[in-house]
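S.K.: Below, each chain spelled out in residue letters.
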Amino acid sequence: METMVCAYVFAWAVVTAYLTWLAVQNGRLCRRLDELERPAKPGLSEKRSSSKAA
Amino acid sequence: MQPGHALKAFWRLVVKDLVCEFRLCRSWPGMLLLGLVLVLLLEMQVDLGTHEKQQVVSGLLWLDVFFAGTLMVDRLFSGEREEGCWRSLLLYPVSPTAVFFAKATVTILALVLLECVLVPAFIVFSNIPLLRRPLCFLTVALLANLGYASVSVVISALTAQLSHRSSLLPLLLLPLMTPVIMAAAAATRFLVAADLDEQWWRWVQLLGCFAVMFTTLGALVFEFVVED
Amino acid sequence: MRITQSVANTWKQLIVFGLVFSLLAGAILMIFLYAPTEATMGHAQRILYLHVSVTWCGLAACLAMGACSAAYMMSRNLVWDYWSQASTEVGCLCFTITLASGSLWAHEAWGVWWTWEARLTSALVLWLMLAGICLARASVDDLQSRARIGAVLAVLAICDLPILIMATRWFRGVHPIAPQMDPRMRIVLLGAMLGFTAFFALLTRQRRSQIDLAARVLTVERMGE
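As you go down the protein sequences, you meet chains U, S and G in turn. For the first sequence, the positions run 3 to 56 when this note's numbering is used. For the second sequence, the positions run 5 to 232 when this note's numbering is used. For the third sequence, the positions run 112 to 336 when this note's numbering is used.
In short, the hints are calculated from the structure, not lab data. Careful: at least some of the hints might be erroneous.
Below, a sample of chain S positions facing chain G; criterion: calculated Cβ distance under 7 Å [unchecked claim]: (1) MET217; (2) VAL225; (3) VAL230.
Quick reminder that beta carbons are idealized off the backbone N, C-alpha and C, glycines included.
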């Protein structure tokens, strides 16, 4: 009985660890993609348009 | 490319590598010394009776060949990479398959030299007649060397591009080499016991299968490995 | 239009997830509630349902890894490499569970944790190869180089599969080949294989999507530089 429980608990632990790692990676990647795709700050875009006008 | 040209190119590449190695002594002396050191260390630890030693020595021999050979394999493409000749080699009108077979031939020659040193050393230190059936042993050794050389050329070319080359090479090579080492060790064990029955032949067949498979795959994927 | 598509995609994902987890939950319930207790080994025999199912998933992952690597080599399309990488990782995961569950079962059945017989040794060798491939991939940043290295190593690692599958027939060992089973046990085994296959297939697909996302992030970062 104990052996069976050990086997299933081990399998569950390994899969959970992998899923946790996937979830953490996902969060990190989504945040990074948001940062990269976010439009430039307002101050910066005003400077750019004023330099273009000049 | 015509077969005559390919053979000429193959021969020139082999001669180039051998001449470079004999002039610069990059890796072969280190490989031979490591092999000898391992023989001494292993033989010192294996304090068994003759019958038990017979079971163990063949495995130790092939492990020794593998680990000492890794030193040579690590430096297989470093000459071209470090001296900036890698791109020139790929730009030559030489098919990558010719380069693969040339490098594999040089590796086999290095392994043959290593075995010429290690086998007598093992015979002397362990008192086990490894060369009881010399032709059969030669067959096993040639097949094992062919399998080892084919895989190590591909892995060495692959890892030459990586930053952690030295740590990754044995890590990638050992699992791939395990069937070859196991089959060679088992076949040698049967040879030593003068037991050349169906089981010995089955191990030799397995060794042969792996040698042919690795050589074929290696020749097919080498062009893909070295492309930029 | 985009919002409707996004909502439709979310619903599709939820249905798929729901179906897979139902199959997996059904399999687990069958293993613990429906499968009869074996006469000799008792409850420890239930490890078999996990061990066989996960091994089958691992073998399927390895085959997928080899096929996708070969497809990448022929087409140089990175999408094939993403599938290959995902299959490699899931295969490594499956074989970790296979080796551990097999070892626990062996201790109950044979009284030893491990024996150097053909099938066990080739399974361990395959696990080492898969772990090596994952490590090698992790040490390369460039997408095309990583794909090239992964593809070549995968094609070489596939050489161990025929030995693993045919080991019990070519080399006489202690690993069971096709033991006689009660019909209810056979049903549970099939159910377990279905449940675990669905789960690991979904896991592979999710990991592939994540690898694709990571590649996009890398590409956008490089464009910014």
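S.K.: Hints first: check each against the structure and report whether it holds.
M.R.: Results for each hint:
Restraint check, MET217 (chain S) versus chain G: the minimum CB separation of about 5 Å is within 7 Å; hint holds. Proximity of VAL225 (chain S) to chain G holds as hinted, the smallest CB-CB distance being about 5 Å (cut-off 7 Å). Contact between VAL230 (chain S) and chain G, as hinted, is not supported at the beta carbon level, the nearest pair being about 10 Å apart and thus beyond 7 Å.
In this structure, only the earlier hint numbered 3 is contradicted, and the remaining ones agree with it.
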